[in-house]
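Asks: Given the coordinates of chain A, assemble chains B, C and D onto it according to the supplied hints.
Protein chains in written order, with our numbering: chain A, 75 to 252; chain B, 115 to 266; chain C, 789 to 1394; chain D, 1192 to 1321.
Hints were generated in silico from the structure; no laboratory data involved.
The reader is advised that the hints may include incorrect statements.
[What the hints assert, rightly or not] Derived DEER-like restraints, expressed as beta-carbon distance ranges:
{"#": "1", "chain 1": "C", "residue 1": "909", "chain 2": "A", "residue 2": "167", "range": "54 to 62 Å"}
{"#": "2", "chain 1": "A", "residue 1": "144", "chain 2": "B", "residue 2": "205", "range": "22 to 30 Å"}
{"#": "3", "chain 1": "C", "residue 1": "1088", "chain 2": "A", "residue 2": "167", "range": "25 to 33 Å"}
Just so it is clear, the structure is predicted and the values come from calculations on it, not from any experiment.
All C-beta atoms in this analysis are idealised placements derived from N, C-alpha and C, irrespective of residue type, glycine included.
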Amino acid sequence: MTAALAVLYGVLAFMVIGAIIAVETRDLLSSVLCLGAVGFGLAMADLLLGAPDLALTQVVVEIFAVVLLIRTILIREDTTKEFIRDTPHVAFMGAVLMAILLGTYFCFQQMTAFGDPPMIMGLGYIREAASAGAMNLVTAVLLDFRAYDTLGEATVIFAAVLGCYALLRTSGRKQEQQ
Amino acid sequence: MKGMTLIVKTMTSLLFGCVLLFVFYVILTGHLTPGGGFSGGVICAAGMLLVILAFGADAVKERVGHRWAILWETLGAIGFLSVAVIGFIAGAFFAQFLTPSLQFKLSAAGSIPFSNLAIGLKVGAGLFGAFLMLAAFREGEKADRDSGEGDQ
Amino acid sequence: MHNVLPLLVVVPLAAAFLIPLLSLVTARRNWPSSEIVALLAVAILVVLSFLTFGGQDVMTVWIGGYRGQPELLGIRGVRATSQGADGGILIDEVIAGSRADDAGLKAGDVVLGLRRHEGDKLKRVTSINHLRRENAALPPGTRFILCVDRQGETLEKAVSGGKGVTGIAMVCDGLTRLMLVVISIVSLAAILFSLSYMRDYTKLHLYYSPIMLMIAGMIGIVVSGDLFNIYVFLEVAAVASYALVGFGVESEELEASFKYLVLSAVASAFILLGVAILYGLQGTLNLAQIADILETAGPNNAMWLGLGFFVAGFGLKAAMVPFHAWLPDAHPSAPAPISAMLSGLLIKASGVYVIARLVFNVLGGGVPVAYVMMTLGAASMLVGSLLMWGQWDIKRLLAYSSISHMGVIMLALGVGAEALARGESGSAIAGLAVFAAVFHLLNHAAFKSLLFLCSGSVVRSTGTRDIREAAGIGRVLPCTGFLTRIGALSISGVPPFNGFFSKLLVVIAIVWAGHWFLGLVMVTTSLITLLAFIKVQRYLLDTEPSESTAQREESPLPMLAAMTILAILCVGLGLFLPLYGKVLLAPAASTLTGGLTGYATSVFGG
Amino acid sequence: MHATLPYVLCAIMFMIGLYAIAVKKNIIKVIVGVIVIHHAINLLLVLVGYRTPLTGEPIAPIITGVTGPAGASGGVDELLSQAVDPVPQALVLTAIVIGLSVVALMVVMAVRLHEKYGTFDMTEISQLKG
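The shape of chain A in the complex, shown without the other chains (with noise of 0.2 Å):
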C-alpha cells in the first residue's frame, strides 16, 4: 500500500465516521457541521484521486448548501423530541438495509478493480481533446463531447430555482373576496 493509498483510505474513513455522527447526532447544527466536514472530505478525495475541478465546485457547492441549511435551522424552533421511529420500523428497515449492503459487498467482489477501468470512452475522448481545444478535459468533456447533458443539467437546476419561487409563493391560489 502506498502513502498516497493510505491517505485515501483515511479520508474514506473520516467521511464514513463523519456521515455517521451526522446522522446520528442530536444537535441539528452539530449534524449539518458534520455534514460540511464530510463534504470537505469528499473534496479532499478528489484532489487525492485527480480530480482537482471537482474539489473546487465540491467545496463551493458544500458551503453553499451548509450555509443554507444553518440559516434554516437556526432562526426556527424545532420541536422533535424523538428523533428515531418505533423499534419494529428501525428494526426491519435496519434489516433491510444490511442485506443490501451484504448483497452489495457479495457482488462488488467482480467489480472492476480500484485503480484498473477499462476507459473506453474516456480514452477516446482524451484522443480527440485537441480538436477539441480545451486544455482541460472534463471542461471539453462537460461542454464539448456531453454538452447535451449539461443542457440538462442547467435545466435542473433551472427547474429547482423556478420551483423554490414557486413554492415560495404566499399563497398559491387567488383569494376570492379581497
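Replies: Relative to chain A, chains B, C and D alone:
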C-alpha cells in the same frame, strides 16, 4: 433582518469585488485550468450569499430584487441554448461553430468559453435568486409581500 | 428528418426559458404570454412528433464527437478473472462466435501483451481492463498484434483495434415514436385544460415554465440513447414535477410534495448508483455500445447489482408495489392537469419505459429479471386495485388505479421477457405480450388523463374531491358527465372502448405463455376495477343532484375541448386498432423484442 | 479484498444515508441523509474513474504541455497512458449540481412545512395516509 455590524458590512463590500474577480477568472479560464461555468457560478452565488447575510435579505431585495435574478438566469439559459442552436444551424446540435485557434489562449476552445459564461450567469443568478427568496421568506407574515410583481 | 430530433428537446426548453422572461414584461399588464407560448410550443411538438414518422425506421443523431459505426473491440468475448504466472492475463473462457473466438484465442491462453507493428517492443498488460485501455488509446481502426502464451509457446495474433463512441446518441425508433406521440398529445390536452383551470392560481409563469420543462425532460428520456443522459433528463422531469405537485402551497400539497421529493430523490440515487456501477464495468455510457459489449461478454455479479439498482430505482419512479407509497399522495395533490400528466406520462416515461428499454434492449436480464418484473407487476396490479376499492376521494381512487394499471403493463412486459428467454418457441408469445403492453400503455395514457381531467372539472365546480359530496354532478354538467362516462367505461374494460382490447390481449398473452395463475389475478383485478368504477359512475353520474350541487356551471370551452380530444382517443384507439396498429404499435413492440443485437445494430447501422 | 475496498466504503456510506432517510423523523435529518447519499455516489463515480498507471504517477486530465513529439510531458500521449478518466469527473460535476438543486428544493419545502406546522417533526406533520 437588519444585517450584521458595520465591520462585517465594510469587509463584505471589500471582499465582494475580489470574489467577483475570482469568479471571472474561474469562468473565463475554465477550459484551461480547473473550474468552469458551474464552479464560477456557484462561487458567484456564494459571494452574493455573503452579501445577503451581511446586509440582510430585505436590503438586498430592495436594491436588486429577484426580478433581476430571473432576468439574468433566463438570459443565461437562453444563451447556452443558443450556443447549441447555432451549432445546430451550422451543422449538428452543439457543433463547434468557432474554429479553435491557439492553444493555451482564451480563444483556444471555440464555443466553450461562451457556454461557460452563459452557464456561470445562469447558475449564479439562479442560486442567488433562490437563496434571496428563501432568506426573505418569513413565517407568519401573510401580508402582501408579493404585491406588485405577481399577476394577481 | 434527422434534424427533427434535437428540435423535439429544444422547442419545449426554449419555451420554458422564454416564459419567465416574457412574464417580467407582461405580468403587470395581465397579458397571457405564458399561456400563448406554452400552447404554441406544445402544438409545434405535436407536429414534430408526427414528423418523426417520415424517414428511416431508426434514426440516430450523434451529438458532440464521433459519429459512425464503431469497430468492434478485437478482444471482446473473453472472460478473464485471474492473472497468469508471469503477469499476463489468463483467459478463463472464450465465448463461441465472439471476436476473440474468431481471432483464435482459447481458454487457458495467457495474453502477455501487444505490439503495434511486427517487431515492435512488446507492451505488457496486467489485466483485461488494461488491455481494453491500450486498445482504446490507439487511433480508431488500428490493427495490432496480440502476444499470447499457449502452454509455453508464444503465438502472435493480429486483431483489429477498437474505437469507442464519444458522443451522446439520440435514438428514435418504434418505441420512442410511440412515447413521443403519447407525450405530445396528452401534454397538448393538459395545457389546453390548464388555460381555464389554472386561472384560480397565482403567478402562472411559474406553472407553465415547469410544465414545459417536464415535457422536455420526458422527451429527453425517450429520445436518449445514453445512460447518463437518461438520468439527467429524468431529473429535469422530476425536479419540475416536485414544484408542480406543491404548486398550490397548501399544507397538504406541500407534505405530499415533500414525500414525493424524498422518495424520488432516493430513486434517482439508486439509478445514479446503477449508472456508476455500469460505467465502472463497461467504461462506456452509450446504451447500444453497452448492449454490444454485454452481448458477448455475458453478465457478472456486479452487473446484476447495477441492474438490481436500476429496477429498484425505476420501480420507485413507476410506483411498483413495495415502492408505491408516494403516488397516492403526490398525484391527487397536484392540480388536475398535472395529475393527468404525472399519471398519464411521467410514471411511464421515467419508469416503465426505461425499465423496458434496459431489460429488453440493453442489459438483457433474462429469466430472473423477467420473474422479478412479473412479481412486481402482479403485486402492484392486485394491491393497487384492492386499495382503490375503498376510496371515496375521486383523485386518490384514480391514483391507486394508476398503480394497478402500471402493474398490468409491467406484468405484460415481464411475460414477454420470460417468453423471449425461451428462444424460438416463445417469440410469438413474446411478440403478443409486448404488443399488449405497449397498447395498454397507450390506452392508459389516454383514459387516465381523461379521468383526471374530468375529476379536475368536477373539483372545480363542486370544490370537493369526495364522490359522495359531489354526487349527481354528471346530471348538472352534462358534457363533463358524458366524458367521465366514456373514461370510466374505457378504464373498466367495457367492450367497444380501448381498455377492453388491451386487457384482452394481455390476458391472452399471459394464458398463452402458460401462467394460469397470473391470468386469474389479472381477471380478478379487472373485475375489481370494473366494480370500483361502477361505484364512481353510480355516485357521480346516476344519482339525483343535491340542491347545492344543482347550481354549478358547466366547465369552460378549453377544458371541454381538452377532455374531448382524449375521449375521442379512448373510443378511436379501440375501434381503429387495425388501422394504426401497424404504424404505431407493431414497430414499438418489435423494437423491444429485437433484443440486444437488434438495438445495437439498428443504432449503429442508421 | 483490497481491490474493491474503497467501493465497499462508498456502499457503507450510501447505506448510512439511506438509514437516515428511512428511520429518522426529523426533516433536517432526512435532508442530511439525502446529502450523504449524494456524497457516496459522487465518491463512487470518482473512484471508478481512477487509475494507477504502470509507470509514473496518475495525473489529472488537464493538458499542461504542448502536444508534440511522443512522450512530451503533459501532452496528450502522457495523458493517454497516465491520466485518470475524465468522463466520471464530468458526470460527477453534473451530479453535484443536480444534487444541490434537489437539496435547495428540499430546504424550501422544509421551510414551508415549518411555517405551516411549526415543527420539523415528520410524524406531527403527516396528515396524508400513504
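Asks: Now, for every hint given, state plainly whether the structure supports it.
Replies: Against the structure, the hints:
no. : hint                          : in the structure
1   : C:909 with A:167: 54 to 62 Å  : holds (57 Å)
2   : A:144 with B:205: 22 to 30 Å  : violated (49 Å)
3   : C:1088 with A:167: 25 to 33 Å : holds (29 Å)
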